[in-house]
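Chemist: Keeping their order, the protein sequence lines are chains A and B. Under my numbering, the residue at position 171 of the first sequence is numbered 171, and the numbers go up by one with no gaps. Under my numbering, the residue at position 102 of the second sequence is numbered 102, and the numbers go up by one with no gaps.
Rather than coming from a laboratory, the hints here were simulated on the basis of the structure. Heads up, some of the hints might be wrong.
Computed footprint of chain A on chain B; a stretch qualifies when at least three of its residues, placed anywhere within it, have a C-beta under 8 Å from a C-beta of chain A [what the hints assert, rightly or not]: (1) 49-55; (2) 89-103.
Simulated crosslink set (DSS-like; lysine-lysine; CA at most 30 Å straight-line) [claimed, not checked]: (3) B:K158 x B:K145; (4) A:K45 x B:K158; (5) A:K20 x B:K70.
Between beta-carbon pairs, the in silico distance windows are [said to hold, decoys possible]: (6) B:K70 x A:E127: 38 to 48 Å; (7) B:A132 x A:K45: 25 to 35 Å; (8) B:E171 x A:G130: 30 to 40 Å.
Glycine residues also receive a C-beta, built at the ideal position from the N, C-alpha and C atoms.
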Amino acid sequence: MKNKTSEPDWPANIWDVLKKWDARLVAHVPDAGHKRLLELCEQDKAITVAPLATEEDGVALLAGAWLGGMRGALLVQSSGVGNCINMLGLPRLCRLPLLMLVTMRGEWGEFNPWQVPMGQAVAPTLEAMGSLVFRAERAEDVGATVDAAARMAFEGPQPVAVLLAQRMIGAKAFAK
Amino acid sequence: MTDARKFPLRRREVVRHLIAAREDLLVVTGLGSAAWDVTASGDRDLTFPLWGAMGGAVSMALGLALAQPKRRVLAITGDGEMLMGMTALTTIGALRPANLGIAVLDNEHYGETGGQRTNTARGTDIAALAKACGIADATTIRDDKQMPRAIAVLSNGKGLALRVFKVRMEELPLVLPPKDGALLRDRFRRALGV
Numbered sequence: 001m002k003n004k005t006s007e008p009d010w011p012a013n014i015w016d017v018l019k020k021w022d023a024r025l026v027a028h029v030p031d032a033g034h035k036r037l038l039e040l041c042e043q044d045k046a047i048t049v050a051p052l053a054t055e056e057d058g059v060a061l062l063a064g065a066w067l068g069g070m071r072g073a074l075l076v077q078s079s080g081v082g083n084c085i086n087m088l089g090l091p092r093l094c095r096l097p098l099l100m101l102v103t104m105r106g107e108w109g110e111f112n113p114w115q116v117p118m119g120q121a122v123a124p125t126l127e128a129m130g131s132l133v134f135r136a137e138r139a140e141d142v143g144a145t146v147d148a149a150a151r152m153a154f155e156g157p158q159p160v161a162v163l164l165a166q167r168m169i170g171a172k173a174f175a176k
Numbered sequence: 001m002t003d004a005r006k007f008p009l010r011r012r013e014v015v016r017h018l019i020a021a022r023e024d025l026l027v028v029t030g031l032g033s034a035a036w037d038v039t040a041s042g043d044r045d046l047t048f049p050l051w052g053a054m055g056g057a058v059s060m061a062l063g064l065a066l067a068q069p070k071r072r073v074l075a076i077t078g079d080g081e082m083l084m085g086m087t088a089l090t091t092i093g094a095l096r097p098a099n100l101g102i103a104v105l106d107n108e109h110y111g112e113t114g115g116q117r118t119n120t121a122r123g124t125d126i127a128a129l130a131k132a133c134g135i136a137d138a139t140t141i142r143d144d145k146q147m148p149r150a151i152a153v154l155s156n157g158k159g160l161a162l163r164v165f166k167v168r169m170e171e172l173p174l175v176l177p178p179k180d181g182a183l184l185r186d187r188f189r190r191a192l193g194v
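Isolated chain A (complex conformation) (with noise of 0.2 Å):
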């Protein structure tokens, strides 16, 4: 196990990252390693927190959003990602932002050989559909990535999306 309290605090560095951004809106198909960014999420009075069904109606709800002014981000797993593949035509073709972060499965020590197939394919199925992909592997580079991040999607505005690694969330909090 990962000794917690010498780690940066890496959900909390993205909260402040959607607040710098005013990222308002966040939707989400949860996952464990997104446990801690949406309880900060849920106690934030000004951030509405949006439970999806299946991922690709956050890409649709997003776009939406930004339509009306208000910007957001969209939390998943990697599995999640494979959901969101047609719909991401969207963002691009209309020149839309887009801040994904997603929370890889299937790629560092996965006990569950069903997360593999999705997990190795999430980089090169958002690159397809013309997403700039970012990666954070160590929990002291997260805030700094996602704000990156954060600046090419709203700024583009376009798809961007950044991969926080299964080695950085630990790979052994899920294993049974």
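Starting from the known structure of chain A, arrange chain B on it as the hints suggest.
Modeler: Positioned in the frame of chain A, the structure of chain B alone reads:
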């Protein structure tokens, strides 16, 4: 014609009334016939017609409604598009924005792909689905007598509402909106002032 008796409502009439009811409506349409119907009522800056992104219309309208709580937002889509996006009804039912109307033009067919029957022709009840997801004000409209109230509720109402309009399957002239997504985006945001 039996179809005309069973389905007295015509989609372009329904849409014309919905759009005419309120000048400052923010409108998102599903792809295909719904987009052509809305454009037949006049190309307008505050309408965002989708040409793809099937299943995304009501989610997009929800986002707009959350971003613009003081404006009335109307999603206009077809039964096939709504069926693909029906997961979004759970999110809408959870957040319940008071400024969102959803109009589903249900002709029980995929009109753009050869007229295959949708599952609403085989028993799926979209209004019942909406209700089950927490959208309490959801009903199906079948004739002219029910129309004025339905239009008022969707376009000028003060609450979350969904209406399924059972409309006739018909071949109509194509009236196409602009296709350039960036243009649609720019003119919408400019007209809205964001």
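Chemist: Take the hints in turn and mark each one as holding or not.
Modeler: Each hint tested on the structure:
| no. | hint | in the structure |
| --- | --- | --- |
| 1 | 49-55 | holds (count 5) |
| 2 | 89-103 | holds (count 4) |
| 3 | B:K158 x B:K145 | 22 Å, holds |
| 4 | A:K45 x B:K158 | 24 Å, holds |
| 5 | A:K20 x B:K70 | 25 Å, holds |
| 6 | B:K70 x A:E127: 38 to 48 Å | 39 Å, holds |
| 7 | B:A132 x A:K45: 25 to 35 Å | 30 Å, holds |
| 8 | B:E171 x A:G130: 30 to 40 Å | 35 Å, holds |
The earlier numbered hints are all upheld by this structure, with none contradicted.
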